[in-house]
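Asks: Keeping the supplied structure of chain A fixed, place chain B upon it in accordance with the hints.
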Amino acid sequence: MSLAWIMALLLLAPLVAASLAFALPAAGRWLALATAAAVSFAVVRLAALVLDGGVQVHRVGGWAAPLGIDLRADGLAVLMLAVAAIIGGVVTLYAPAYLANSLATRGERDRFWPPFLMLWTALDALFLSADIFNLYVTLELLALAAVSLVALAGKRAALEAAMRYLFVSLSASLLYLLGVGLVYGECGTLDLSLLAVRSGPGPAMWVAAALMSGGLLAKAALFPMHFWLPPAHANAPAPVSALLSSLVVKGGFYILLRLWFEGLSGLLTPAAAQLFGVLGAAAILWGSLNALFAPRLKILVAYSTVAQLGYLFLLIPLAAGTTDGFTAWSGGLIFLAAHACAKTAMFLSAGNMLHAVGGDRIRDLDGVTHVLPLSAFTFGLSGMSLVGLPPSGGFAGKWLLLGAAIARGQWWWVATLLGGSLLAAAYVIRVLFHAFTRVAAPARSRPVPPVMEWTALALSVLAAGLGFTARGSATLLRVGAPWPSAGAGRA
Amino acid sequence: MPEANLSLYLLAGPILFAIGFYSLLVQRHVLRRIMALNVMGVGVFLLFATLAARADAATDPVPHAMVLTGIVVSVCATGLALALAHRLEAAEEDRADGGEAKR
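If you're matching them up, the sequences are chains A and B in order.
Heads up: the first sequence begins at 1 in the numbering used here, then just goes up one per residue.
Heads up: the second sequence begins at 1 in the numbering used here, then just goes up one per residue.
Chain A with its partners taken away, still in its complex shape (with noise of 0.2 Å):
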């Protein structure tokens, strides 16, 4: 199979089953499916041309760019389509039984599969960008179709946080436009690989370099502009609280990290580079803080994630800067991988454990291992892919950070991610503590299909042994990585 092929697959097997679910409201899930199967194995097809060929670049319909739009895969693109991929071959499997459960009628139901469809065309879509106005484009769907999602329970608190979250997102990417138009004045170009020889340092590229990571950083939530990210996360249904906290997100970080590693790499001075580690830093203190003391379950997995994704930013200082950032980049980017399976499945379960005990505050927990024992144990296994311990996805992660940080001397950032590491464990036992809490009448119970048990559970399995694949997923991130020294280097 071409590459035209593969590309086509990826980008339009999602938007044909967005568009024909909207059509045909009942035939959503099976659409769905159908799109998981298409696209999961267009990533292998594209993963092996990848592998064996280097950077793959697509010219849409033969146009060259700047007209036409160029698609570019490398290994950090493989990596991302192919945990969208899991990811969103998990909801689709787990989303019917929640919803039927959740949501009073079939048509509420039904509404779920379009915008969910749309989020994936998206996320497929800004993987594969190679410019930096296509970027906007495909982050901008993906603010749409996310804004859509959290609104789908269509209570008042959803409403009002899908509108904030909207007022913000819509803020952030006109941000991120208004850079756009001035990298285009000054270099003349969008592409990322002719910014990274035309960019230089001066005054408006500077100013544009800070309009469009101010839009990013929100976009990402990295504190302090996370604000907007508990309430959206926390009202939303579980499928979608997973789908936000593990991909969405991660749109924005991952335009950062083509704009600072690719783009505009010439404007990453020490300085900045360090900057964004302290955002980082302060994140994890936070969301780690808020999530300890947050009374809600489903409010403290959101500022889980909020003090997460700060991590994912330690990337920045770590491998700017160096003739050998590849450890720390491949540490980040496989934390980030980990972190999406572990956030999913702990989002999940607590949808299963929520649903189970109809309240969802952290006390009603108590006793709940009782009558959901599979649901309590993946919350811990989740928990300790978060955490960090072994064999963890998680912990390769961070180890090959904990490596960088001790081999570039900057010790601060080893404390950093040991005592993050501890907060984590303290917000993760928390939980535990009341789910494995010995109660004399088991708490009053509904049954949880089994299909939201077992989805959930085999992705925090995943999480929990993806540190055995760490090996193979750095051989695919030196495919058109930043460091063309050693490996297979930029094609």
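Calculated from the structure, these hints are not laboratory results.
There may be inaccurate statements among the hints.
[As the list claims (entries may be wrong)] Here are a few chain A residues that sit away from chain B, every Cβ distance over 10 Å (derived from the structure):
hint, residue
1, 29
2, 202
3, 225
4, 364
5, 465
6, 471
[Claimed, not checked] Some, not all, of what chain B presents toward chain A, calculated at C-beta under 7 Å:
hint, residue
7, 32
8, 48
9, 52
10, 62
11, 79
12, 80
13, 81
14, 84
Even for Gly, the Cβ is constructed at its ideal location relative to N, Cα and C.
Replies: Then chain B, alone, in the frame of chain A:
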């Protein structure tokens, strides 16, 4: 276009953007905030259009293509925002009715 006019336009775009951004932050009414977002968008589009006119020889088509795409995105976003505002208003009225019935 004469140089002086061009710099006027180059300034006007970011100023419009700033006015919109300021309104978004200080206004509380949902409709005003949606309009503020649109003003921000117009500011960006104006900047793009100016960049297109700045090219020495012929007009640069790339910023025009971007503005067209941007307008489509902006219409979609405004549509979604208005729909959401409508739902929110309905939910608030429901709540107000419920409150009165209880009394």
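Asks: Would you mind marking each hint as holding or not holding in the structure?
Replies: Structure-based check of each hint:
1. Even its closest Cβ contact with chain B, about 24 Å, leaves residue 29 of chain A beyond 10 Å, as expected for a residue assigned away from the interface.
2. Annotated as non-interface, residue 202 of chain A keeps its C-beta farther than 10 Å from every C-beta of chain B; the closest such distance is 16 Å.
3. At roughly 14 Å from the closest C-beta of chain B, the C-beta of residue 225 of chain A stays outside 10 Å, upholding its exclusion from the interface.
4. Look at residue 364 of chain A: its CB is around 25 Å from the nearest CB on chain B, clear of 10 Å, so calling it non-interface holds up.
5. Its beta-carbon lying about 40 Å from the closest one in chain B, residue 465 of chain A satisfies the requirement of being farther than 10 Å from that chain.
6. Residue 471 of chain A, annotated as away from the interface, keeps every beta carbon of chain B farther than 10 Å; the closest lies near 41 Å.
7. Against a cut-off of 7 Å between C-beta atoms, the interface hint on residue 32 of chain B is violated, since the closest Cβ of chain A lies about 11 Å away.
8. This hint holds: residue 48 of chain B has a C-beta 5 Å from the nearest C-beta of chain A, less than the 7 Å allowed.
9. Hint on residue 52 of chain B is violated. Least Cβ distance to chain A is approximately 10 Å, over the 7 Å limit.
10. Hint status for residue 62 of chain B: holds, given a least beta-carbon distance of 5 Å to chain A, under 7 Å.
11. A distance limit of 7 Å between C-beta atoms decides the matter here; for residue 79 of chain B the minimum to chain A is near 9 Å, and the interface restraint is violated.
12. The beta carbon of residue 80 of chain B comes within 6 Å of a beta carbon in chain A, closer than 7 Å, and the hint placing it at the interface holds.
13. Taken as an interface hint, residue 81 of chain B checks out: its beta carbon lies about 6 Å from the nearest beta carbon of chain A, inside 7 Å.
14. Annotation: residue 84 of chain B was flagged as interfacial toward chain A, and the flag holds, the nearest CB pair being 6 Å apart, inside 7 Å.
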